Structures are given as C-alpha cells and as structure tokens.
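Asks: Since chain L is already given, all that's left is putting chain Y on it; use the hints.
There are 2 protein chains.
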Amino acid sequence: MKKFTRRSFLEFGSFGIAGAGLAFTPKANNNASDTKKLNIAICGLGRYGTYLAEGMETAEYCRVAGIITGTPSKAATWKKKYNIPDKNIYNYQNFDSIATNKDIDLVYVVLPNAMHKEYVIRAAKAGKHVIVEKPMAITAADCREMIDACKKAGVQLAMGYRLHYEPYHIELRRLGQQKIFGNVKIMEASLGYISSNPDEWRVHKALSGGGPLMNLGVYCVQVARYVTGEEPVSVSAQFGPVTNKEIFKEVEESITWQLGFSGGAVCNSTSTYNCGIDRFYAGAEKGSFELSPAISYGPFIGKTSAGPLSFPTINQQQVQCDEISIKILAGEPLPEHIKGEEGLKDMIVLEAIYKSAESGGKKLSIN
Amino acid sequence: MKKFTRRSFLEFGSFGIAGAGLAFTPKANNNASDTKKLNIAICGLGRYGTYLAEGMETAEYCRVAGIITGTPSKAATWKKKYNIPDKNIYNYQNFDSIATNKDIDLVYVVLPNAMHKEYVIRAAKAGKHVIVEKPMAITAADCREMIDACKKAGVQLAMGYRLHYEPYHIELRRLGQQKIFGNVKIMEASLGYISSNPDEWRVHKALSGGGPLMNLGVYCVQVARYVTGEEPVSVSAQFGPVTNKEIFKEVEESITWQLGFSGGAVCNSTSTYNCGIDRFYAGAEKGSFELSPAISYGPFIGKTSAGPLSFPTINQQQVQCDEISIKILAGEPLPEHIKGEEGLKDMIVLEAIYKSAESGGKKLSIN
Numbered sequence: 012m013k014k015f016t017r018r019s020f021l022e023f024g025s026f027g028i029a030g031a032g033l034a035f036t037p038k039a040n041n042n043a044s045d046t047k048k049l050n051i052a053i054c055g056l057g058r059y060g061t062y063l064a065e066g067m068e069t070a071e072y073c074r075v076a077g078i079i080t081g082t083p084s085k086a087a088t089w090k091k092k093y094n095i096p097d098k099n100i101y102n103y104q105n106f107d108s109i110a111t112n113k114d115i116d117l118v119y120v121v122l123p124n125a126m127h128k129e130y131v132i133r134a135a136k137a138g139k140h141v142i143v144e145k146p147m148a149i150t151a152a153d154c155r156e157m158i159d160a161c162k163k164a165g166v167q168l169a170m171g172y173r174l175h176y177e178p179y180h181i182e183l184r185r186l187g188q189q190k191i192f193g194n195v196k197i198m199e200a201s202l203g204y205i206s207s208n209p210d211e212w213r214v215h216k217a218l219s220g221g222g223p224l225m226n227l228g229v230y231c232v233q234v235a236r237y238v239t240g241e242e243p244v245s246v247s248a249q250f251g252p253v254t255n256k257e258i259f260k261e262v263e264e265s266i267t268w269q270l271g272f273s274g275g276a277v278c279n280s281t282s283t284y285n286c287g288i289d290r291f292y293a294g295a296e297k298g299s300f301e302l303s304p305a306i307s308y309g310p311f312i313g314k315t316s317a318g319p320l321s322f323p324t325i326n327q328q329q330v331q332c333d334e335i336s337i338k339i340l341a342g343e344p345l346p347e348h349i350k351g352e353e354g355l356k357d358m359i360v361l362e363a364i365y366k367s368a369e370s371g372g373k374k375l376s377i378n
Numbered sequence: 012m013k014k015f016t017r018r019s020f021l022e023f024g025s026f027g028i029a030g031a032g033l034a035f036t037p038k039a040n041n042n043a044s045d046t047k048k049l050n051i052a053i054c055g056l057g058r059y060g061t062y063l064a065e066g067m068e069t070a071e072y073c074r075v076a077g078i079i080t081g082t083p084s085k086a087a088t089w090k091k092k093y094n095i096p097d098k099n100i101y102n103y104q105n106f107d108s109i110a111t112n113k114d115i116d117l118v119y120v121v122l123p124n125a126m127h128k129e130y131v132i133r134a135a136k137a138g139k140h141v142i143v144e145k146p147m148a149i150t151a152a153d154c155r156e157m158i159d160a161c162k163k164a165g166v167q168l169a170m171g172y173r174l175h176y177e178p179y180h181i182e183l184r185r186l187g188q189q190k191i192f193g194n195v196k197i198m199e200a201s202l203g204y205i206s207s208n209p210d211e212w213r214v215h216k217a218l219s220g221g222g223p224l225m226n227l228g229v230y231c232v233q234v235a236r237y238v239t240g241e242e243p244v245s246v247s248a249q250f251g252p253v254t255n256k257e258i259f260k261e262v263e264e265s266i267t268w269q270l271g272f273s274g275g276a277v278c279n280s281t282s283t284y285n286c287g288i289d290r291f292y293a294g295a296e297k298g299s300f301e302l303s304p305a306i307s308y309g310p311f312i313g314k315t316s317a318g319p320l321s322f323p324t325i326n327q328q329q330v331q332c333d334e335i336s337i338k339i340l341a342g343e344p345l346p347e348h349i350k351g352e353e354g355l356k357d358m359i360v361l362e363a364i365y366k367s368a369e370s371g372g373k374k375l376s377i378n
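Chains L and Y, in that order, give the protein sequences. Count along the first sequence from 1, then add 11; that gives the number in our numbering. Count along the second sequence from 1, then add 11; that gives the number in our numbering.
Some hints here could point you the wrong way.
Said to hold, decoys possible - For lysine-lysine, the following DSSO-like pairs were computed, each having C-alpha atoms within a straight-line distance of at most 27 Å:
1) LYS48/L - LYS373/L
2) LYS136/L - LYS47/L
3) LYS162/L - LYS85/L
4) LYS373/Y - LYS374/L
5) LYS216/Y - LYS374/L
6) LYS374/L - LYS256/Y
7) LYS256/Y - LYS256/L
8) LYS260/Y - LYS373/L
9) LYS297/Y - LYS256/L
10) LYS47/L - LYS91/L
11) LYS373/Y - LYS373/L
12) LYS373/L - LYS374/Y
Claimed, not checked - Output of the computed footprint for chain Y on chain L, the stretches with three or more beta carbons under 8 Å from beta carbons of chain Y:
13) 201-214
14) 244-256
15) 266-272
16) 281-290
It is worth saying that the hints were derived from the structure and are not from the lab. In this text, all values refer to a predicted model and were calculated from it rather than measured experimentally. Don't be surprised by glycine CBs; every beta carbon is placed ideally from N, CA and C.
Okay, chain L solo, but in the shape it has when bound (with noise of 0.2 Å):
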C-alpha cells in the first residue's frame, strides 16, 4: 500500500479537510532543503520510540536529534542509525543537562505511562518543547502537575495522538461533529489485542497505572469525544474476567463501558489484552459511518450509510510530529485539541471509568 508523507498528504486536496479544525500552515519556502528543522530528543527508546523516529525519517519540519536512553546498547545503534553526536547523547542520571544544549528544542516522553510525569516535568524545567506520548500520565493530578510545570517554564506540551492528523479520524469527527447524518445516537469504539508477555510493562501496574483500558481505551474515549465534539457526562464500566491468571496479576485483562454524552449520545466501549479487536461505528439520525480496522496503525476501511470511505494511507507519526513541529517553530501555540489540557479530559474519564468498574458498574457522574 502506497504510503503517503505529509507533503503527499497536502497535495493530495480531494478529501475535504477544510472545516475539519485542522489548520495546515506550511512554510513559505517549502523546498525541504530550506526548511529549518525542529530539533526532537526521543525518551524512551522501546518499540514506540522506533516508530516514531522511523517516522521522523521522512519528515520535513523535524529530525531525530537526541535520544534519553538507559541501555548503552541502544545509544549505540541509535547514534549509527541517526547520526547522533554525544553531546546529544543522554541517560536519565544526566537528562537534565539538557538544559543548555541549544540543539535539542523538543523532548519527546515515549517512557512507560508512569514515568510521563517526571520527564515531562524535567523536561519542561530544562527549557524544552514537550511531546507526551498516551495516556498522558496515570492520574488526573498528575496531568495537572505537568500542564501547570509546562506553563511556568513557558514551553509547550502537545499530547503524542497520532489520530489527530490521521484523514479517516478527520472525516469521523467531520461526519460527526457537522451533523452530516444528523445527531449521533450510538457508538461503538472498541480496540484490543493479545498481550502474553508477563514481562511487558504494560501488564505491571506501578509502570502503566493500570490494564488495556489505559493504553488502549484512551483511544476509544478519544474517538468518541472528538465524534460528538462534547465531553462524556455519565459513566458505567464493567471489569471482564481474569481468563489468564498469569499475565492478568495487577491489571485488567478486558474493560467494557459506557460514556453518557451531554447531546444524548451513548458510545458503548471494550478494551481488552485477550483478543483482537478493532472497530469504531457511529449510528445518527439519518445514516451512519464506520471504521474497521478504526484505531490501530492501518490502513483503515470505512463506510457510511451513503457508501465507502477512501482516504490515503499516511504515515501517522510523521504526520503528527511535522504538524506540531511547523507550529514550534513558527511560535505559535498548538491547536487546543492536542494540547495537554487533552490529554487531562481523556484522563478525567478513564479515571472515572476505573471508579465505576470498581464500584461493580456503578453509573457515575462524571464532572
């Protein structure tokens, strides 16, 4: 499948993203010779972090220019495969010295979900640009730590959701929030895969903060928030069954609830680390919209009421990382849909999703 960058993606102008709250700034010099790259440092060099790094290869408005990292070994393969110079060259002992490389401009926290808070927060006292990965942190309190150490060191602080720029996200939040099909009435977001590692962090709770609801869910919370363009109001949740006693210790092995929306709106939501699962559909008023697979990487298959859904593979990370890094470096503020005041609403829901699957599905407001 052809892989569109995200010069391709802008050229390619017959999918209809005007009015989608997507504002497209491209440098007046747009010859990636002339352009004036944002300098990122990756934290966390596990799988994720190789995604996006891989992504970065193609971008025209960043590059990989450092790297945090606690393995020696990876330093070495990462300085080879990105040209990386020492002093760009960091551990989570000297990390903080990044204050006075003026080569770093961005700081991308790719770390387990619990480790967000103290990098974004060491980050933002070093003077540097913050990118957070999802969930943004493991409680509510947390996020507010990190927006407030964000706002005191006058740096920004984008959330890392690669959905954002993705053109089928687009759309479902177009067909959703413009009313297309009228009122949306019912959604399903779903999305789960196999997890049979017991060593994987995100099974241990002092490192995720919880099961597939954390690393999973959030985007299901997304979806649904940004289709409806309004925040939950209610919540029901119900823990699945612990089918496999090894692995499913101290987290949730599947989740499934339900978020009441201020318009009327139910999305009904399963998150699970025992099966695969993928779908989002949106039944309104006059039709409905579809995705399947919905969330992952893709390539994504959609469809309305009215007929298929064709938009070009992108590659989600360098999309994502070019658009934040054209608003960096142009010194303007991020749009408010990635900020980490987002990030924040995802986490005030799951919270409360948490407190209702341990309250036995107890509906809840949610405030």
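Replies: For chain Y alone, coordinates are given in the frame of chain L:
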C-alpha cells in the same frame, strides 16, 4: 442479488455445514409436485406475517392454508392472494373452532409479543402444532406455561428463529463452538433501527413487554448463545437516555448490556430504536470473525481474520418454514435449538438484563 430457495441452498454443497448442528432430512421423493405440504395458518397478518407468507410461496414442504385475523379487509386480500377457502379463515373470537379443521396442521403465531402466550396455548388446545415468533412471550413464566400447554396437548412448539437456518449464522456457530480460532473472548452484537411511529405496537409496553431489547436484543442474546454454545452466567445492563420523549413513554429507547459466559467470554451489546446498527464481532484467541450487516434480513457481509466469508443469500423465512415442516411432516421431534425451550432460555436472559438495568447496572448472576 440472487435469492436461494431451500432447494438451491441444499444443492450448494461447498460451504461446510456438516457438524454445524443442522440435520437436513430431505424427503426421499423430492419432486415438488409429489411432496406433501404442511398446512399452516398464519395468526396475525402484520408486516412480518406478510414476509412469512411470501417466503412460503416458494416453500416445498408447507403452504399458507389458513389465516387468523381481526381485520376483515386483510382476510379478503389474503383469501384472494393465497386462494384460502372461507372455512380456513378465522377471527380471534372463533379461532378455537380450528380444532375441528383437518386442513390446518400448524398455527404460526405472529402477533404482538404480549399475545403470544394466549394464542400459542389456544392453538395447542386445538391440537395444532405451533410456531411462535420471537420473543417467545413477555415473561419467562409465560414461556413455561406455553411449553407445558404444548406438551400436554401432544403438539410440537417451534421458535420462529429465522437465523438458525442461515448459512452465515451456521458458520458463526461452527467457528465459535468448534473453536476454529480458539476460545471466543469478546463478542459485540448490536441491532437497532429508528422507530418514529408512536402508534407502533412495539413502543407500547402492554403489547410488546419492553422496547428494543425485547424485539431486537433477543437476536443479540441468541447469537452470543449459539456462538459460544453456552448460557450466560452474569449480566450488567444500562438504559440509554430518552432523547425522543414523544415516542418513548413506556419502553426504553436504547439499552446496552454485557453478558458473561461460563467459559470466560463476554458479549457487549446495544439495542436501540433511535438509530440503525446491525453488527456482530467475535474476538478469539487466534483470530476473529464478524458480520456486518449481521442480524437483519440480509444480505450479510462477513469476514474472518483468515479472509472473507461468502455464502448464498437465502430466503430466511422460506428455509425456516420448510425445515420445521419437514420435521413435523415426518413426525420427528424438532431439533433442540429451535424448540420452545430455546425461547425460554432467551427470555430468562432478557428478564435478567431488564432487572440489572432497572437496578442501575448492578452485575447479576443468571440462574
């Protein structure tokens, strides 16, 4: 789209229904002109009664031989269309005299849900076999009375479950029960349409016994039961908001629920009268299988994680009526999964779903 009759369905031998629990027993002499047909009287000439009669137009083993209706104008139309003699036309007052009519073998009850009990019992007392539409009645206690009445009268009682004979659903059952992709872990089964007529019997509790759960949710419960081959052991349920107060004064507008099965599977479902939805997904240990559309009259679209599913589109009503008729003509007992006891099992689950939703979502055991 080509419609398959029962005959072409049986001749289409490549889709592996063996072992799926369906025993086809074509008559030794399969020449239509020589085949004895079961004489069926349709009780209730609404929309679905019409679909059933149309299905029987191409049936090989049954015919529309009589009608029971309270509307003289409908009697006249049907008399002409199906060449029904006056002696086989009944109203709700003189219905019991059908007992002496040797030209009627079976009564198919297609009345509003709350009337099923009375007419099934009256038909049984008249010595006629019975097919009753889903949901079987409006309480489990009523279902038990109906089963007892048929046993006492020595007549067979079949549920009008059109999907038990449908090739995609036979395949769902095979994939699930034979664990082709390992144990099923998560199912999503949802069905909904827009109900906007305040005079429709389905939104009046005295006639319908409930809202979308009774009329549509019963299919979602069914599919989850026959995909796992298990009974649910626990349930949580949540009423959706009432967004159309003109229509939904007596029954729920939408409802979500989660069933827990003895083997560890969970089914997360939605039924609604406020938007269209029609999908089934099963995530298992080694793959997945799904239909969308899934539960309506089709045509269905299905796939598994191994590739697309492709089966003929059958006339669901014709095949169902033929298969039940073959058994009754042969004097053989009906298969367990289409007997009245099956309708009772569903009703026990529906009652538990309502009980949980009415308690605010409390997780309940199902006995």
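Asks: Of all the hints numbered above, which does this structure not satisfy? Sort the numbers upward.
Replies: Numbers 1, 3, 7 - these are the hints that the structure violates, sorted from lowest upward.
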